[in-house]
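Once you've looked at the hints, dock chain B against the given chain A.
Protein chains: 2
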Amino acid sequence: MLTMPVTETQWSATEEKIAKAAFDTAYRREVESMMAEVKRQAETAASPDELWKLHDFLSARRHDLDGKYDFRDSMLIFVFAQLIKEGWLEIGELEGLSRDKIAKIKALTIM
Amino acid sequence: MLTMPVTETQWSATEEKIAKAAFDTAYRREVESMMAEVKRQAETAASPDELWKLHDFLSARRHDLDGKYDFRDSMLIFVFAQLIKEGWLEIGELEGLSRDKIAKIKALTIM
Numbered sequence: 002m003l004t005m006p007v008t009e010t011q012w013s014a015t016e017e018k019i020a021k022a023a024f025d026t027a028y029r030r031e032v033e034s035m036m037a038e039v040k041r042q043a044e045t046a047a048s049p050d051e052l053w054k055l056h057d058f059l060s061a062r063r064h065d066l067d068g069k070y071d072f073r074d075s076m077l078i079f080v081f082a083q084l085i086k087e088g089w090l091e092i093g094e095l096e097g098l099s100r101d102k103i104a105k106i107k108a109l110t111i112m
Numbered sequence: 002m003l004t005m006p007v008t009e010t011q012w013s014a015t016e017e018k019i020a021k022a023a024f025d026t027a028y029r030r031e032v033e034s035m036m037a038e039v040k041r042q043a044e045t046a047a048s049p050d051e052l053w054k055l056h057d058f059l060s061a062r063r064h065d066l067d068g069k070y071d072f073r074d075s076m077l078i079f080v081f082a083q084l085i086k087e088g089w090l091e092i093g094e095l096e097g098l099s100r101d102k103i104a105k106i107k108a109l110t111i112m
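Read top to bottom, the protein sequences are chains A and B. Using the numbering used here, the letters of the first sequence map in sequence onto residues 2 to 112. Using the numbering used here, the letters of the second sequence map in sequence onto residues 2 to 112.
Just chain A, same shape as in the assembly:
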């Protein structure tokens, strides 16, 4: 996660709604993907080592998700850029945000 200072960004009520929907969509997709992987690993596990591997996987994903899905206004631009880079969201799903925000998000996705 980037730690550079964030310029103050205003979000209108409409933008907040669009952002929340996109945020929830990405979260749902990522959780579904993780869920499928957990079920696959659990189903095929045949030894303690494979259970501990599943445990390590869950620890890492939980930590990652806890940190990543940060809905504070000041973080959203970065969160969306990361979600797009990781494939959980498409830029088109943020339609309705100001040009300025879209431009910032696009710029961050190529970094």
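Incorrect hints may have been included.
It does not matter which identical chain is used: a pair holds within one copy or between any two.
To be verified - Below, a list of computed lysine-lysine pairs in the DSSO-like style, where the Cα atoms sit at most 27 Å apart: (1) Lys69 <-> Lys105; (2) Lys86 <-> Lys21; (3) Lys54 <-> Lys21; (4) Lys54 <-> Lys40; (5) Lys54 <-> Lys69; (6) Lys18 <-> Lys69; (7) Lys102 <-> Lys18; (8) Lys40 <-> Lys105.
Keep in mind that the hints were calculated from the coordinates and are not lab data.
Here is chain B on its own, set in the frame of chain A:
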């Protein structure tokens, strides 16, 4: 796990073999039971919360097993008593150990 000082106990080669077999049997049973529970939880999980519950379960079981299966001579009497109390082993599966050891293990199981 009890932390009282342990009296020095000698284990013959035969006893070591019996102990190792019983130890492995209990471990296999406990892991199989845990594996079944993990598979059940993973299969029925339908939300992130249920995945985190599975994660918590694995964390606790891993920690518990790491601490419990201690094959040091000085700990075996306590380990066997605990495994019997928890139902992973029966006292009869320790047949061949000295009367003294069996008596100590039995005494600990009623504490």
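For this session: Kindly indicate which numbered hints from before are broken by the structure, ordering the numbers from low to high.
Result: Hint 8 contradicted; others consistent.
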